[in-house]
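Peer 1: Next come the chains, spelled out residue by residue.
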Amino acid sequence: MTLKQHSILPGFGLTMGFTLFYLSLIVLIPLAGLLLKSATISWDQFYAAVTDPQVVASYKITFGASLVAASVNAVFGLAVAWVLVRYSFPGKNIVDAMVDLPFAMPTAVSGIALTAIYAPNGWIGRWLDPLGIEVAYTQLGIMVALTFIGLPFVVRTLQPALEDMDVEIEEAAASLGATRLQTFVRVIFPAIMPALLTGFALAFARALGEYGSVVFISGNLPMKTQIVPLLIMTKLEQYNYAEAAAIAVVALGASFAVLLFINIVQWWSRRYAA
Amino acid sequence: MILRPFVAFGLFSIALVSIAVFAGGCRRSSDPNAVKILNVSYDPTRELYEEFNRVFAEHWARQSGQTLDVRMSHGGSGKQARSVIDGLEADVVTLALAYDVDAIRRKAGLMPKDWQSRLPNNSAPYTSTIVFLVRKGNPRGIKDWNDLVKPDVSVITPNPKTSGGARWNYLAAWGYMLKRELGDLSKLHDPKSADAVAKANEKAKEFVKEIFQHVKVLDTGARGSTMTFVQRGIGDVLLAWENEAFLSIHELGPDKFEIVVPSISILAEPSVAVVDKVAERHGTRAVAEAYLKHLYSSEGQTLAAKHYYRPRNAEGVPEEYMKRFPKVKLFTVREVFGGWEKAQAEHFNDGGVFDQIYKP
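Heads up: the protein sequence lines correspond to chains A and B, in order.
Letter 62 of the first sequence, counting from 1, is numbered 62 in my numbering, and no numbers are missing.
Letter 22 of the second sequence, counting from 1, is numbered 1022 in my numbering, and no numbers are missing.
Be aware that one or more of the hints could be misleading.
For lysine-lysine, the following PhoX-like pairs were computed, each having C-alpha atoms within a straight-line distance of at most 25 Å [stated by the list, open to error]: (1) B:Lys1216 with A:Lys60; (2) A:Lys224 with B:Lys1216; (3) B:Lys1205 with A:Lys224; (4) B:Lys1359 with A:Lys60; (5) A:Lys37 with B:Lys1107.
Derived by calculation from the structure, the hints in this document are not laboratory data.
The whole structure should be built from the sequences, with the hints applied where relevant.
Peer 2: So this is what it looks like as structure tokens:
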């Protein structure tokens, strides 16, 4: 393979140059700044900062809640996408547009709205409270907020995949004697698996960084409901930029590892499922 | 959906034009008779400065003939200080505590070391204190700090790590216990009673720890806590700035909440300062200084009292405002904790007393 491949389309040099410039400006330079900032403290300080029990607890809470929220979205987002693609019903366009609302709403507004609904005196909270279920100001509340903001990612990545799938394939499967379950597991699921994984990964990544909506509903108790971005904020509040960056670097590294893993699984499933 | 090429090109051009327009809008206008200053403040001063800016602009127009435009920025006090450190061009800052103003000096060197003595009263033209907001009729019978740790009482306060206001709450509770143990706070500075002081501090630590065990929600800021208490109906008592407590009652009706004033509390001194380096660069030093001085005039003090801040000088402030403020014994951060820098390092920094409360 030669380094420079000739292409029929002109303009490769210009567009590639632009891509690199744009990515550097928007993504790489700020990330490099983050790394540099965290490098201003010694390795021991870095280690002490990221292994503090409060920090470790918040990593567990953030990653745990994000994982749960992304999984919930993977299941129910699939159902939503399926309904929106396969059926037509009055008001479908409105329902379709509603899926995007969590994208468009300022996250603080979502957080306050969710807290208002799930607080013990809220519309839903008042029915759950007598059952002993507390949502607002618990870890469950964090999951609810993260599920809310992650939903569009799953639905929007699944929709095109489902649209690409011909109904005839399902009919063929049925006519060859497959049961409904078999059709879903053997025919439909493998085809949409890559898209589902992408949606899951996006929802998960989005949840890891979410701050605005969670701080309102979580109660922010150290060791119990304190998320990583909040802890970073408290470090900044003490003008401790370096340790804040250290915590961020670890969180970023972990999310990158998770996303990379999902991408590898996806690549693998594409290669061997086909 | 696939965009047709010319539609895509159109969208692209619109994006470029709007960037150009936006960038152009950011440029400063340079009318010699118009002067602009930016006041970077914290959250609950919104209403106060909205009115004060109008009044001062008239005053300044009479005095100098210039039209003054005061722009405001509000947010959590610590976050605002950080913005100024990171380059927000504030001509004056009016923050919740001296520690935040001092951080601007320490981290960015934008003002001299003696900033706090350049204006009267520690550079704090109005004060407030920490009081309790309880539900109407005070069903839990909360009268003083020690009632907060009665079984089943649920307390709402913001997180002292993220909220300047919450640090006052915490220190007020600590000071109450010292006063109860020592009888007289002046013993703190008497070397002879060092043992008693150490014992009292131990007691105070236990007491504050117990209070935080009664806290179910630690919001990041004072307004968040007020909302949790008032709108979500969580908790029996909210530890709040007096001005915030008055505002909640004023806005939500006195039939729902009442204020309980404890036996002793802390003198909260929101500090103001000219940001010298920025004001000099902008050529706004004169107006910035006059702006802060005017807060001490009877007009400024009246407005502070109107918006539920305790004025420093009651002279010329109408009686109807003054009678709002009940007499309460107040101590300062300096006399009990030896100043903000010390209190911050001992109590609120990482590994400090507050973190120990939450150690597993």
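Peer 1: Which numbered hints turn out to be false for this structure?
Peer 2: Of the numbered hints, all hold.
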